[in-house]
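Peer 1: So the chains spell out like this:
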Amino acid sequence: MSKHTLAVLVENSPGVLARVAGLFSRRAYNIDSLAVGPTENPAISRMTIVINVESHSLEQVIRQLDKLVNVIHIAELKPEESVQAELILVKISATSKNRFDVDAVLETYDAVIVDESSETLTIEATGDGAKISDLLNALERFGIRELAQSGLVGIERGSRSLAERTLSVQSIPTAESGQADYQN
Amino acid sequence: MGKKMSGASSLVQSLESAGVDVMFGIPGGAILPAYDPIFDSSIRHILVRHEQGAGHAATGYAQVTGRVGVCIATSGPGATNLVTPLADAAMDSVPMVAITGQVPSNAIGTDAFQEADIRGITMPFTKHNYLVTDPDQIPRAIAEAFYIASSGRPGPVLVDIAKDALQKETDFNWPKELSLPGYRPQLEPVNQSILDAAALIAQSSKPVLYVGGGAIKANASKELLQLAELLGVPVVTTLMARGAFPDSHPLHYGMPGMHGTVGAVTALQKSDLLITLGARFDDRVTGKLSTFAVNAKVIHADIDPAEIGKNRFADVPVVGDLKRTIAALIPAVKAEFAKKAPDYSAWNASMNKLRETYPLGYDLPKDGSLSPQYVIERLSALTGPEAIYVAGVGQHQMWASQFVKYENPRTWLNSGGLGTMGYAVPAAMGAKVGAPDTPVWAIDGDGCFQMTNQELVTCALNNIPIKVAIINNESLGMVRQWQTLFYEGRYSNTNLESKRVPDFVKLADAMGCIGLTCDRPEDVDSIIKKANSINDQPVVVDFRVFKDAMVWPMVAAGTSNDDIMIAREMAPDWDSQEL
Ligand SMILES: Cc1ncc(C[n+]2csc(CCOP(=O)(O)OP(=O)(O)O)c2C)c(N)n1
Ligand SMILES: [Mg+2]
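Chains as they are written, first to last, in the numbering used here: chain F, 18 to 201; chain V, -19 to 559.
Hints listed in this document are in silico derivations from the structure and should not be mistaken for laboratory results. From a predicted model like this one, the values you see are computed outputs, not experimental measurements. Among the hints, a few may not be true.
Here chain F is said to cover these stretches of chain V; the calculated rule only asks that three of the stretch's residues, wherever they fall, bring their Cβ under 8 Å from a Cβ of chain F [what the hints assert, rightly or not]:
(1) 231 to 243
(2) 511 to 517
Looking from chain F toward chain V, a few residues come up when the C-beta cut is under 8 Å (computed) [as the list claims (entries may be wrong)]:
(3) Glu28
(4) Asn29
(5) Arg36
(6) Arg43
(7) Glu76
(8) Gln81
(9) Leu85
(10) Val88
(11) Thr191
A virtual CB, placed ideally from N, CA and C, is assigned to each residue, including glycine.
The task is simple: from the sequences and hints, build the whole structure.
Peer 2: Below, the structure is given as structure tokens:
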């Protein structure tokens, strides 16, 4: 079993998330996380999908995904060739007594306090999967009361952009009248 | 600026612009605005009796003509009645466009009267689908739907249109171009893959052409014949490909799979190279996958890249339109053969011997009653290979695939992937509409017939004179066969008693058809001839056949093709074969 991160550019149209989620469910592919958001192009949304490939090959998953008409482009983000990050908001138990210990942890992981009450602190942090899980381990001893975690998002290193590759789209002429024979 | 009109008129103009000449449907509240301009349209609308009938009729029409079949229904129950034919069309890659009305856009999501989320429901088994709430978007949605349905690997597309979008005023603008950035079917095969395939063929000593339904979709029969004769090796045609290659051709070994011929099944099993053309390694062909053709390398040519490697690893994948693929393969193979002439003679000799030893056959019932296989054999002989044959699902379907002799593509229609009982009568209706001058015989089961026979009313009233042969074994025969073989003959709920009720002759008569009946072997020919002579009315023949006939050969579900049985508890005598 191995994890892969896919960056998927999709048309920003209604139902596209349902199409992708439905495909994964009906073909029994395991999703670890899925994050969707807008891109620099308002017509295009971007999904970052982390999948656990077991009995199905990654290639098969990509090809099935590519069959969805609203899916424009799929790229695998290899960890060494991309920047990947997720965001957590975590509420921990904290009093004036352990505050010093908490601050030490936060400093190590570049995390910040975004809200506090008399007995809790809410912490925000970003980073790749390993960093986030180390941080959560370090926070464990204070008592984690609530955790909200985004899916992973990722982007390729270097100057290339995925979107560039989708711009060269040709349009398809329709038949003036009568059904066009598109096949032959 | 386009012409001002209602969304409904824009829909009908769009359908006309897409080249639609006929559609099958039933009106209702949400789609009603569209039915007003349909009244004046040049498009022939055939009023069916059940939306499932509309869907399968669209499929039948598409299967014989190669054009997009169109069906239309209202929201809610009208739309959900299309679910089965849409799933059926998806499994068998049928180009179809389904139009449904939807509740007004401000009522969507409120559980309004006759609201069903048909776009959500049909996502898994449409190639694509739309919900249109803006009347200006109707022409583009229709144009895209027809393009997507008919190009690449064909499939069904649903366009759901909110009632208010049909009622509002809009401009009609037929799009000159479509922009589908995520949809680019690859038609032209990559040259290197063709060269690799040709090289692999030249190296092989036991190749087989494993031909699937894609050969028919791509209109590739002519090229297939040339390739087959160039190679001179066994050809097998799957259930979806019957007719893609002439049954009379000496290289044809018939159908592989669960009820395939010993020759076809074994040719695949013993092969060292499967030249797979528009087939998809379905479980009914491969049997237990891990034991399927274990010594074979695989060339897999398909227009759908997702089929490559889905079930079986492909040594050489070739993605592209099959007609172009085969046309490109022929000169590439010739070039290889010019370097070194192949010698497939040992392979052909051993397969030939096997085929001659185990031809398709059947035993006549000992009690002198009518043999279902005999009826179908005579139907084929007396009607000929120019006619179109449409089957339901069950034993009669398998016999129709085995004992009708097919010579031409698009003359054999059946529900292969979904196995939809009730397919035959409405699909035959659609086929006859698509090919009005060709005789169309539905070969149906007594069980299947009772699911959708009401479309015979549609046929009678609309001058669609199909013929139906009911293979009446008074049971859900295929299920009964499994009960005989795997459940100790405990016939739980498979006895239909259809020699008692209904009276199929009276039923046919009541629906405006000619009803005939036949239960003696000596009457078979004369009754078929009589049915064939009637061309102005639908005909139904109740062939009252032996109840316990079984379909052989058989590879039991989940077992290996090596364990093919030619009759109950009887395997081929492998020891006497040199393979
Ligand atoms: C809609 C549907 N329901 C159930 C089945 C399961 N099934 C497959 S074959 C069959 C029996 C069909 O009976 P009949 O039409 O009389 O054909 P026969 O096998 O007797 O030739 C059944 C129930 C099916 N394929 N489709
Ligand atoms: Mg029956």
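Peer 1: Now tell me if each hint is right for this structure.
Peer 2: Status of the hints after comparison with the structure:
no., hint, in the structure
1, 231 to 243, "violated (count 0)"
2, 511 to 517, "violated (count 0)"
3, Glu28, "holds, 6 Å"
4, Asn29, "violated, 12 Å"
5, Arg36, "holds, 6 Å"
6, Arg43, "holds, 5 Å"
7, Glu76, "holds, 6 Å"
8, Gln81, "holds, 5 Å"
9, Leu85, "holds, 7 Å"
10, Val88, "holds, 5 Å"
11, Thr191, "holds, 5 Å"
Hints 1, 2, 4 from the earlier list are contradicted by this structure; the remaining hints agree with it.
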